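Between the sequences and the hints, there should be enough to build the whole structure, so can you do that?
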Amino acid sequence: QIFLFLGSLAENQISNKGAKALARSLLVNRRLTVLDLQSNSIGPTGAKALAEALKKNQILLSLK
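All residue numbers in the sequence shown are consecutive under the working numbering, ending with 55.
In short, the hints are calculated from the structure, not lab data. Be aware that a few hints might be false.
[As the list claims (entries may be wrong)] For lysine to any residue, the following SDA-like pairs were computed, each having C-alpha atoms within a straight-line distance of at most 20 Å:
hint, residue 1, residue 2
1, Lys11, Ser30
2, Lys8, Leu45
3, Lys55, Thr24
4, Lys55, Gly(-2)
5, Lys8, Ala40
6, Lys55, Leu41
7, Lys8, Ala38
8, Lys39, Val25
9, Lys8, Phe(-4)
10, Lys8, Thr36
11, Lys11, Ser32
12, Lys47, Arg22
Keep in mind it's a predicted model, so treat the numbers as computed, not measured.
Now the structure itself:
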């Protein structure tokens, strides 16, 4: 069986601090396959933290 777990955090005013927290979550993620972070306030440091986490995350298939 294939389960698709979707998460939308679009338009939630997520900042670099929030993005770093999400990055830590992605390191242990075992279910979330789609994550939408569009229209937030994530800057370069938050984006870098997410990118580093995605290098190790094998579950997430789509990040917007």
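Hints and how they fare:
{"no.": "1", "hint": "Lys11 with Ser30", "in the structure": "16 Å, holds"}
{"no.": "2", "hint": "Lys8 with Leu45", "in the structure": "17 Å, holds"}
{"no.": "3", "hint": "Lys55 with Thr24", "in the structure": "12 Å, holds"}
{"no.": "4", "hint": "Lys55 with Gly(-2)", "in the structure": "11 Å, holds"}
{"no.": "5", "hint": "Lys8 with Ala40", "in the structure": "10 Å, holds"}
{"no.": "6", "hint": "Lys55 with Leu41", "in the structure": "12 Å, holds"}
{"no.": "7", "hint": "Lys8 with Ala38", "in the structure": "10 Å, holds"}
{"no.": "8", "hint": "Lys39 with Val25", "in the structure": "19 Å, holds"}
{"no.": "9", "hint": "Lys8 with Phe(-4)", "in the structure": "24 Å, violated"}
{"no.": "10", "hint": "Lys8 with Thr36", "in the structure": "9 Å, holds"}
{"no.": "11", "hint": "Lys11 with Ser32", "in the structure": "12 Å, holds"}
{"no.": "12", "hint": "Lys47 with Arg22", "in the structure": "14 Å, holds"}
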